[in-house]
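**Q** Those protein sequence lines, which keep their order, are chains D and U.
Throughout the first sequence, residue numbering follows the working numbering, covering 14 to 902 in sequence.
Throughout the second sequence, residue numbering follows the working numbering, covering -1 to 548 in sequence.
Hints were generated in silico from the structure; no laboratory data involved.
On the chain D side, residues computed to face chain U include the following (Cβ under 10 Å):
1) Met14
2) Asp15
3) Ile19
4) Leu21
5) Val22
6) Val29
7) Ala33
8) Pro39
9) Ala40
10) Arg42
11) Phe43
12) Pro103
13) Ala104
14) Leu111
15) Leu114
16) Pro186
Glycine included, each C-beta is placed from N, C-alpha and C at the ideal position.
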Amino acid sequence: MDLLLIHLVLLVWLSVGAAARWTDHPADRFLAAGALGWANLVATALLVSPFHRLGQPPVFLAVSLGLALTTSLVAVFRPAPAAAPAPESPAAHPGLQLAALVTLVPLALASAAVAVSYLPSSPDMLAHELPRALLQVGEGSIFALQAPGAAQTAIPLCNYGLLQTGALVYQAPLTTLNLFNLFGWGLAGLAVHRFCRNAGWSSNGALFAAWCALTTTPVLAHAVTTDHRLSAAAALLAALAFALDWAKRNRSASAAFAGLLAGLAGGSTPGVLCVVLGTSLSALLAGRLPRPGRKVALLGLAFGLLPFAINLVMSVGTHLPHLLTVLQLTPRNATSLSSSLLWPLWKVADVLLAPTEDSVGLGLTGLACLVAAGLSLTWLGARNRLAAVLAALALGWLAILWGAGCWLPISPGALLLVVLLAAPTLAAVVDRLRPPGLTLALGIAIAAGGMWSAQLYVWRNANRPFAALFDPSLAPSKALQLPALLNHRVGQEQRINFSTDGDDPLLFALMGRQHQLRFGTQNQFTLDGYNVISRSSRDRQRTVRQLADGPAYLLIAFPDKPTAGVEFLGSIVVGNLSRDYLGISGAADRILPITANRTVLLTITRISQAGDQAVLRANLVGLNPHDHARLEIWSEPGDGPRTLLATLTAHGTQDFRSPAELRRLHMRIVSTADGRELGTAELTDQAVAAEEVEKPDPRRLFNVDFVTPTPAGLIECSPGLTPPEGPFPQWGLPLIRWARENTIRLQVPPTHGLARLRLSFNACLHLRERAIMEIAANGQVLRRLAFNDPRTWQSFSVDFPALPGNNVIELRDALLPPEPDWAGYLKRYPDVKRYVELQHQSPREGALEHYKYSGQPEGRTMDFIPPPRPAPDAFFFMFRRLRVEGLHP
Amino acid sequence: MTLSPSAPVSGHTHRAVLATLAVVSLVLAWTWMWLISAHDPWYRNTDMNIHNLADALSLNSGYAPGVVDQPAAPTKFLLALDYRIRNALGLLPTWTLKRFARSAEPLRELAHLVQVGREHSRLLVIGFILCAAGFVWDITRRFDLGCFTIVLLCGSSGLLFHGLLVRPELLCLGFGGVLALHCAWRGTVSSQPALRSLWMFLAGVCAGLALLSKLPGLFYLALVFAWCALAPLLPSADDKVSPAEPSRGWTSALCLVTGLCTLVLLLVMAPDQTRLNPVTTLRLRGMATFVALLPLVTLAGARNRIMRYLLGRGTDLVLLLAGLLAAFVGWFGLLQTVLPYDAAMVCMGKILNTVVYPDPLLTLLTHPGTAHRTQEALKFFLETPVLIVGTTALAITVASFRTVPLRWRAFILLLLVQGLGMMLLMSKRLFLHQYSAFVQVPFLLIWALSFAALQDRWLSRNPTAPRWPVALATMATLFFVLTVPIALNPKYNGFQDDAALPVRDLTLTFLYDHDAHPPAYLAAMKKRYPTRAEFAAELNRFLSDPSHRH
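With the sequences and hints as input, model every part of the structure.
**A** Shown next as structure tokens:
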């Protein structure tokens, strides 16, 4: 991290130094320095990528600083020729400047505090941008990544992501990634101001426009996110500001910066790319741009778009189809369409509730910007053509967004560009208003309104509340917890290779925890490092008939496996999304197995349909050469003999055709030496027996399930019930909780209107052969439930009247009655023992039967012994469902 | 800032008399401190004194100090340097922990080391008085006022009490309350932008050294910045050349270099994650980046007075912070000269954790119920009620005279804020006599400056009048100095419960097995006296001879 800061500090100073020789206004200097700094990081990535050295901090630092130094030297020896000075105009009203400073500085400080306190949380970025940055660092290159998931690498626009890559090269804390947009936020304000000033609008108007742009809630909200759109929009606006300067003063340096910034912005996000290309072409065709400087502007533009172009060329064959799948271009229904169209309006109200960066509305200043754009297009139209053009650009882009709303959801980030393009028109509108006193009052009113909505957002943000920095009780729930085994395994390794059968939106949750590691992107099993395989949890339950919907995976037990195999590491569940993670060491063939990894992973995917027959692909992981075994896949059609479809002898993939009437796939692991069967599994056409679907009781007041990934805390539960674990597909276990004390207490708090309580559960024994569970409510024993088979899950349900105050439900491990000492009986009477053996009965049953029918009448005696008690912290019962419902009378 | 040109130049005789009075005061102050120290048992007040002593020996041995709570870094370093110099001169054979462990009779060595430590403190007190006098002389540009300040400070019982101790408060006050303010004053009157930047940076360095001495040193940084913010608003009619704003080039260079050096320091400390607390690291990184990048804002320029003022104060702030960081980095460099690399790392880690992330320590020290704030503040008041009431009245009176330059009045009020502020700040903890200096010194400086202001007023009304007010005041103060033993007596003799034999348990702990001592010291004691009982018996036997007690 410190090396990163040293790098950034030096880069900023060198860039500012170089920019000072090529620009003549302080604000232009900062914008130009931003462009040079960003271009430096892009150029560094481009230079080191062919040698796969991106992940090496010394190389990255040396190349970047070398480039920055060279740029500075060039600037020293080739400064921009002196141009005609820009006409001096009165500065903005001092009161206005002070007011802007007093409002914006606290916002900046609060945003900085939030940025360094909260981890990145934007779901889209966590799913796509950040994993890609980590993968680039891991691979040492920004090109030709083999995607673990298409969305992570298929999108070829990576200029903004290279800033994040630059930070991750130095293994910086993840909060650092929030800071890039904070700089982008500041530069956005400067860009708006400079655009207005270069357009010849007044200082007061320019200040209003910048002030409002910075307090617009989508802009402010994205100041501390990892979203690429704010910085891209800011760069685009800065490019337009430089283009205006170029057009007015014929400065080649301005042309170069305009082109460079436009390229960098366009190479970051598709929306800006469209605007950049559209605007550039229009300006060229209209002949609005001076001839001197066109070449350098084009060079700058080309440089900015270079990574995009290279990535596009290299990935067009492989990733574009995936990309289209990712985008899911399907028409949306009428409700979502209407909500998209009305989004900016109705979301305004949301700012009063608990907004997040993904749900925040436009805010008052955002609306003011749009209104100003509308006025510029209509009222100002003929008087101020530049404002009208800009307004048309902003509103046109808004119209495109609304049009695209039929297919794509519109987020606040999508409106960033609209707001920032519309913001300068506010200056034009303010300039037209008379008298100046009114302008000032109106401006202050608008800015104060914006400040009001901005501070509301900062304080009431549901994801990252600023207030929580002072009062920890207001902090949102903790970040996603990784399964312990997954965390442990990944933490032990130096290099992780990810392999996934599709997009894994939770990938960053895993990568981010260990971001100092190097991650690879080989989609196949590799011998280098540790392989983490990601599968959708739904694939675990898929049937043969459902293969058209997606792949199915099985963990095939191989109890006598001589080498390490695939280990189930756990699942991550977020809302409806659930991913399973499995792991295998690259050196598995040379490692002895442990109990948990004596399995192989088989993934069956349907590739295509040829007539009646489907072409399936079997991907096998975990079968090593030293296992001396092969996997056979047999089909079991409805009628007819079994057919061998495929045989796999080691890790790898094999395609095969399935019969037309496929009912079942039978998998066998057989020994290559003697053909002995070592393990089996089946993929049937029957869905895994789901939990019985219960009709909700109309009297239900509340319902608390204890065996869920995140159990609700409404009912207090004694610590004897362990946290949820699993699922464990290798043992056929779903999500479970253990009773690790002989009494589990569930305390239901007083609830208004509560008349009865219903307890229901589905439980099983662990290790013990027999046990009795005593169910008591408020001290009264309701039922004694006997468990006589350790392999059988028992369901139980009981309801009982609730007391007015606290209600306490207890699940106790009751004492078993003394057991007949049948072993002692057989030892004492050898003749009985011989008789039982001759009858081929089990010793227990034979002894008990003999005592009942013959021994007792003959006067023989059988002793009774108390059953052994489990240890105090033993595993008493295992629950896969435990529910308490409160019922109305 | 100088007094009005109408003030007549002092004659040689006048100067000679005042200089003699100042020298006599210094000799008297030294004598009081020496006399009391000579009669005070060496094993009294052992708590932090013995820690600093053991840490100084540890520094000379190349070991990192023990637990660092109040860092007292300059105190330990200067003491270690003193031990080295005396050893080089052949005056002190035991100057390292290794020698201490090998010595024939460690208790005798310890007694000698304590006496040397007190002598060292007496030198520091005299140095402090001269620095403060220089400060007043620099403000007033008058020799007589400088001498008057010496006489005044020689009468401060709170200050002279430090001649008996080896504690960090003296240097904290010296660096923060005198030198940092002096630098800030010079900066705000400087007409050259480069000099202004350098003085501000030095003010930050002094505040940093005050913080490295004791945590309340941070208060002085706030005070210095308050003066920087206030001074440009207070034009003085006397100034021929208006004070300059900090230079862009020098500010940028100083801040960039300091910021980068701090980041490099963090970089070299990073491999061992346990050295620095994450909060410490975060704060230092934030400060370093802020300091390195903020000067860029000065490039933006400002086109109106308000923005120029804000930009200037922002620059002052960043220069002060740069100075603060430079003190940390410089201290690390200084440690490298006396400690091996690893030990310097450990030592610097402890110091930075204490001064940059003091929150846990402060929570512990100011735990509710430990001290009643009003009662503790009252103890400060009751110790010198006349000084506090008189000074407050004097400061308000002088501030109300319009003929006194506005900048002087503001500075006198700032000193009043310093004294009262430190009184309130330190009253969060139980009152200790060594804290009195934090209040007495700024109040006595107020007297010096107020006399200067009043005399100036007198001379402006009576240009031909002699300078009798200063002479009179000096004489009066000399009488005050002569009464020092009366004021000092309660401080030395108030709590004699640790002087009696057998020595109390707490003293034994501080001398023998306190967990704040460096491990090498504990090992040396343990090797020589395997059990605490044996050490107690040996100590009591040693002290049973009265000649061994002093």
